[in-house]
Every structure is written in structure tokens, then in C-alpha cells.
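Asks: These are the residues of each chain, in order.
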Amino acid sequence: MAVRLAELTAAQFIRRRRRLPASLVVGGTIVAALIVTAALAQWIAPYPYDQMHVRDRFQPPNLHYLAGTDEYGRDVFSRLLIGSQLSLVLGATATLISMAVGVPLGLIAGYRRGVTDEAIMRVLDVMLAFPPIMLVLLILAVTPPSLLKTAIAIGVLAVAPIARVTRSVTLDLMSGEFIEAARARGERLHYMLLRELLPNVWPVLMVEASLRVVFAVLLGAVLSFLGFGVQPPAADWGLMISNGRAFVDTAPWISLAPGIAMSITVIAISLVGDGLREVLDPKVGGR
Amino acid sequence: MSALSLPSAEPLLEIRNLTIRYRENDRQVTAARNISFALRRGGSLAIVGESGSGKSSVAGAILDFLGPTAEVTGSMLFEGQDIAGLPPAQRRQMLGRRIGAVFQDPFTALNPALRVGRQIAEPMVQHLGVSLPEALARAELALREMGIERAAEAANAFPHQLSGGMKQRALIAAALACGPSLLILDEPTTALDVTIEAQILRLLSRLRREKGVSLLFISHNLGVVRRLCDDVAVMYASQLVELGEVNRVLERPGHPYSKGLLAARPPLAAASRDSRLAAIAGQMPTIAEPDTGCVFAPRCPFHEPRCSAGPQPLTISPDGHRVRCWKADELGPWPRQQVAAVMQPAFRRGDALVNATQLSKTFGTRGGLTSWRLWVAGGRPRLHWPPTQVPAVNDVSFSISPGEVLGLVGESGCGKSTLGRLLLQLLRQSGGSVEFDGADLSRLPTQALSPFRKQAQIVFQNVGSSLNPRLSVGEALERPLALFSLAQPGYRTRRVEALLDMVRLPAAYRTRFPHQLSGGERQRVAIARALATEPRFIVCDEPVSALDVSVQATIVNLLADLRDALGLSYLFISHDLAVVAQLSDRVAVMYRGRICEIGSAAEVLAPPHHPYTRILLASAADDEPIPEPPASATATAAHSGCVFATRCPHKLGPVCDETPPPLRVLSASHAIACHLDPVPNAAVLPGLERLQRAAERFA
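From first to last, the protein sequence lines stand for chains C and U.
With my numbering, the residue at position 249 of the first sequence is 249, and numbering never jumps.
With my numbering, the residue at position 197 of the second sequence is 197, and numbering never jumps.
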């Protein structure tokens, strides 16, 4: 549906803007701002993220260092900006991977039912039965860590829930008479899945996807915190929280700043998900 | 005796200037405008109108169901007390004790996790302070009073174990549990089969007589109202347009809208090819402004400039009849649509378009891996995979000639939709064969059906889900054209507009989405989509059941016009015998997967009847007591005799249970599957005769 939004002329968009839900406006603005700052981080960061100011260690937030400095005298604010790149890329990539695999699986399981459905869903059940952290650690611990591998590991985790959501919405749609009308025309599998089913599953998937981005960002941070994700001296929010742990009582800003940044990101993406659901509902938005 | 002719009697319920407005964001919708009526003690009043007329909002306002978005003004005097002004707690007490309510859908109204008896006992514990055991005992008595024979069993059952009719009885028992003086019924029989509907109406009329409870009955069906009510109020576009004694309104309606509603209802009689139902053109305005004139004027055939000059007052004639039309007294009957005389085509059995031979379909209820059950028998655990088989269609044979319409009647769950899908090969048969135009479809693999799919299409019942909500009308209609290469890409738009014109929708509807259309318009688009492949045969699966009476008439007329203009054959499936008779050349009556009677529409409606046909007709005409069907409506495979034997009032004995009934051929087109000689029930049903006479009056 993102394409549909883009197709609107400016005038239509302004007319529809009045009906946009507040959650989407607020969340979308924050997410857009995050993406812009992440993209421009190299240029707007006041200092290189790994530059150490040995004399300015443990500086609390001030005019020179907006979010203070860490134990090596590195500017926390600059590191936050650079770190946001990693978090956002990780969240988006992981979610794209899980959608790319999970959505087709769910559509086919829900459309075909019977043996196909059983086979797909039982395999996914097995995947769900693994404790998530264990699964990711298994993948990451045996090979050298990299961002792409972290994204794949987190993405694989989310395949099962996304496929389940897709399947349940598909099953619901299958009782719709327009599906039967399409079958009465003898439509082929790809048309049924892509034209009849997918556009109707999409709104639910958008909400689910925003939830998954949130999980991916959080899980990525957890992995960095545990030392399995991004390696120092790279700036990553999870890693920064982990490093600042030792100084929480004397220099809380080192951990707090990335924590707050993460909260804002997570809340903003959730808001976007909520807002999208309202806009994408054909009965509310007029498409 | 009408409440209106007795102004001195103190009414039980008096509604004065009730106005209901809903606020949605910045929009305001008026659901009821200055409604006033009175219901005397022990009386019964029906509020009749189409969906969106505001009739349910009136009930909701009395029951305090409307929620915070509704703004209710005016007074509602119940037993002399204005309940609108009561504090919430006191009002709830009053509603719980003195007013009972029953709603449309008995399938969702009961809590599936609680036993039925408990749910009837609950209000007594709440409002009368009765102890639970005492209340449970009373609940069982109440169920017996509702005509349920094994009341103790029913009280102990969970809702899913009861049939729809039993559930509705239980809900009526719950509504009456605290001995209310008023029972509000909001479409209580709409979700039920005709035979069950007749039983429930009979029960309500008995309860009214025995308990002296007053009824406020809300319905879209004017026909049902006569059996139960003294007075009728007709609502249109949030206004009361007519209020009067029931026979007066049904026999000499004053307001044009009432006339239209009555005329639009198909008579229970065979119709010739050139007959059409009287339809009300247009649709009900969603935001009507009565200040600018009569709200019905845009759809009224009697309309003249004076009607739109100013607001129409509700005038009261000397006999207490109220009509919101200034020239009600001078109006003639509702005009009928005229069509050029159509030749009644003669069908020869030999050249059938569709030919079903001993068609059967059995559904396995066996699911996937998860339906395995583990249970312990004799100390050892066993795995069990339930092998249940449910026959939905059982040994059915018939044929449909080119240009012929076969009507298929039966109650819900009888297998009529399954039969329609078998003919289209949307479901594959378990036995027998389907031939289309001489080709045996049952032998073709699914991939080879494409040429057949082009020639046979389907129109559905559920206007809410028959169109993909994400496709515009144009996209939905273009798809069949592209799929079967019926029009070059550049010409598709023109073809789509031609299709829209065929179903009498403006070409501009091409860009609309399903949610922007009314129910009737959606059904037109669905018909246009079926026509897009230029089919020769269409299965119409209850195409008008979900529509209002006036819309139903326009769709039935449209289907009849298309049949004559394009020479289409239909399998027209419906639970409503009157609608089927209106459109069909032949009618087949189906019960539990079998056809029990088939013949021309006139032959099926006239005696001799199959006992089940007779019951269907009697239910529609409200004639004689109808035997209760067994709780489970699905047949079992083991059954070898007549499927109708358990409900049959003319059952001969064991032969009915054990031997399949012979097909008695009465004429070239008429056959009845029954052990009974066709003589004993040969009399015309008196109620049916009365109905047909009434229908002739409006013709």
C-alpha cells in the first residue's frame, strides 16, 4: 500500500491529511527524523565517533558534549548518531528477511490448507519451540559475528510468527465469497495469492512488521550487550549500554542516552504501525 | 382491538417525540426523528422498516443500549414513569425486571461457556433475589413452558448442543424469567428457517395470550407482523410514516412507502415469464432532511411538486390511523413494472445444458494431524482418528435446459449451496456425474475446466464479502475480460461500462470501491462480474436473501430481465419459496441432501405436495402446527429410509425409516419422492389460498 500512498497527488494527500491519525503523524515524524539523522550521521555528528578526548573523560552533558562523554572521553552524542544507523539497518533488514520468507509461507499454507498447511506449520512450530536467544546465539557463536549474520539470525526468528499471522488472516479471507468467485473463474495460484489475498493481508502485516522491527532493534541491542553482535569499538546502542554499565552510579548518561534513544525509536515505530492500520483499512481511509 | 381506538386506556409504554442522533467525529446522523407511539397493556405493536430506517435504534433507546455517541431526547413513559430520566442503576433494575429483550441472532446471544439453564437463572438471581438452586428449577420450568419437551436436558446443555430454534426459545425464556410486562423483540426470527420462524411466532402469540405480556416487535417483514401484532408502525428514513391497526395497514395501506413494501413482496404463486415484482426505485437517503418536504418523495411514484413544498405532518384520520402523506386518501395501488410479453419457451428434456446424474457429495469431518485424539480405554492409551462422514448431497439427479431457470428451495444446511458448487465444480463430487453442454465435467481434471468456467458463473448471497474490498468496481469487472481475453486492453473500459449498464449502474461506478456501495449496488456489481465472461449458466446462491424487500424486488427483476435478454439458465437457490416461484420455470425442494419434490412452479405450489413442501408452504402461510425438527440437522450416513421421516406428520410406519421412498411421477415434469399416495394431502391449504388472494389484490 506504500505504492498507493505515493501515487496520490499532492492535493489528494493534503485533503486526506486531515484524516490521518495522530499516532501516524507523530510516529512518522519521529521515524523520518531518525532516518534522516542516521543517514547524515557522518556529517552532523560533532566529533568522529571513535575520537577520544583523554582530558574530557566522564564529562556530564554540556554545551560541548551534548550527551556527555564516556570512559575514553568519546562524545556520547556522536556515538548515538552513528549507532542509530546500525539499529535501524538491523531492524529493517531483519524484518525484510522474515517478511520475505514468512509471508509467502503463510499465504500458501492458508490458501492450500490440508497437507501443505500441516507441513509448513509443523516445521514452523519446531522453530517456535526454540528459545529465541538460544537460536540466535547458536548461529552467531559458532561463526565470527557480522551485521548481516545478526540480521539473518533475527530475521529467521520472526519467520514463524509472521507466517502464522499471515496464515490466520488468509484463512479468514478464504471464507470470503470473492475468493470463491475467483475460483469460479479458474484463477491461477499466483493471481489468487498476489491480487486477491495479499492486498487484504497487507494492513495486518504492516502492523505486524512494525512490531517486528521493534523486536529486531531490541534483540540486536541485547546481542550487542551480550557481546555477540557488533564488536567494539563500533558504536552500537546495545554495546554502549553494556559498556556504560560499570559507571551507572557515577556517569549514568553513558547508558541512559542510548537507552532513551532506543525507547524513542521503539515507541515511534509502534505508533507508525498503529497509525498505518487505521489508514490502510479501506473502510476508514477510502484507500 | 387496537390501542389507537381506546385512547382512555392507560398505555404500558408511551414514547413521546423520541429523537435519536449519533455523533461520529464531526458528522451527525439522525436515527429517529420525533417518534411517538403508545403500546397498551397486553397489546402488541410492530415497528417495520428496512435496514437503516432507525427501527432498531428506537428499541435500543428504550433498552439503553445505544452507547455514549447517541444523543436521545424526548420522553419514554413506561408504566407511567419516564425511564429516560431515571438514574442509571435504577434504570438497569427496571429494565432487568420489567422489560425483557430478545435479539436477532440466537447463535451468538448465548454465552457458549455456560449451561443454558444457568443463563436463564442468572437474571432471576440478579433481579428477584432468588437462590441459585431455586432459580435453576424455575429455569427448567420456563423451558418447558417454551414448548421444549426434554426441558431438563436442554437446561443442562451448552448452547452449541441446541438448534437455532431451541436457542431462540431459551433466549425468550431468559427474557421472560423475571416476569416482565413488556417484551422487546428485535428481528427475533430473521436468522431462522421459515418452519422454525412459524413455530417461534406461534409460541410468542401463545405467551402473549397466557401471560398477558406486551410485545414490541421489530421487523423488516410486513408479512410476519400480521400473525402477532395488533398495531403496526412503519418507519422510513428515521421517520414514522404510518401507524395504525395491523389489518388496516396491510390491506389498505395509506402511505406510498407502505404500499411499495407490500407490493414488492413476491406472492407465493407461480409467475409467468413476463411478470415482474413491483419495485421501489432508488434507495433510502442516509441523511434525510424532512424540513424540505416528504422524505420519500424522490422514490415515490405518486410524487408531485407539492410534496416537496414543506415538511409532511403525521395526519390522524377519525379511526385513529396515522399517515405522513397529505394525499394518502386519493392514492391508487402501487404501479407495476411493465415488460413486453415474453414467449413462454418450451423446454425439451433431451437437450439439457446442465445434467446432474446421481450426484453425491460427502464431507469428511476428519481434519489434519491435530484431529488425532488420545484416550484411555481399558487401562491402555489409544490413538483415535475420527472417521466421520457427513453426506451433504445424496443421489440427486436433474437437468436444466438452455434458457431455463431451476429454483432450489430448502432450509439452511440442507445441501443446496453444496449442490450449486458441485454443478460449478468448485467442489468435486464424491459420486455421480455433472454434464455441461454434453461434456462430462466430473472426468475432466481441474486444469481442463477453463472453457467451462467461462460459460458457468456464480452470484453469491453475502453482499459484504462477494467483492474484493481492495479492488475497484472497474478492476473487478476487467479481470474476467483479461483472463478470458474477451476484450483488447484498450476496449476494456468500454466493455466494463456496458456491463455496468446491463445491471443499471452508472458508468461512473467504475472507480468506486465496494465499501462505497449499498448492498443492492454490490449485488449488481457481483452480477455484472458474473456476466463479464458471457456465461450461459449462472448459479444464483441466495442472491437476494441478505437484501431489503424493496431492493430484493429490483434484483429479482434484474435477474428476470437478464434471463430473457441473454437467454441465461439459472440455478436459483433460496430458502424463500415465494422468491423462487417468482423467477423459476421449475422448482426443486431439497431436504437433507435429497430432492423430495421437483416440478414446474405451479405444480409444486399446488397440491398434491410432498409432506415437506406442504410444511414449507404452511409455514409461509401460517397454517398448521409444524413438528419440531431433531436437534441435529445433519444426516447420518447409516440412515437408509426417507430423510424426512423423523419430522413427517404423515409418517406411515417403519417403512418410512427403512426403505428409500419411491419417486412417484405425477406428470411429465412433476415428481414426488414419498411412500405416501399423493392423495391424503391433496387439499389446498386455506392460509395459502388467503395469501394468494391477498397477493392478487395488490397485483
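These are computed hints drawn from the structure, not numbers from a lab.
Note that the coordinates shown come from a computational prediction; the quantities given were computed from them, not determined experimentally.
Note that the Cβ used here is the ideal one computed from N, Cα and C, for glycine as well.
Misleading hints may appear alongside valid ones.
[Claimed, not checked] Now the stretches of chain U that chain C is said to cover, found in silico as 3 or more residues with beta-carbon under 8 angstroms: (1) 175 to 189; (2) 459 to 473.
[Claimed, not checked] Derived, one-sided and incomplete: chain U residues facing chain C with beta-carbon distance under 8 angstroms: (3) L427; (4) L444; (5) S450; (6) R453; (7) P480; (8) L483; (9) L486.
[Stated by the list, open to error] Away from chain U, derived, C-beta distances all over 10 angstroms, residues of chain C: (10) Y72; (11) P199; (12) G227.
Asks: Does each hint hold? Answer for all of them.
Replies: Do the hints match the structure? See the list:
no., hint, verdict
1, 175 to 189, "violated (count 0)"
2, 459 to 473, "holds (count 10)"
3, L427, "violated, 10 angstroms"
4, L444, "violated, 12 angstroms"
5, S450, "holds, 5 angstroms"
6, R453, "holds, 4 angstroms"
7, P480, "holds, 6 angstroms"
8, L483, "holds, 6 angstroms"
9, L486, "violated, 12 angstroms"
10, Y72, "holds, 54 angstroms"
11, P199, "violated, 4 angstroms"
12, G227, "holds, 41 angstroms"
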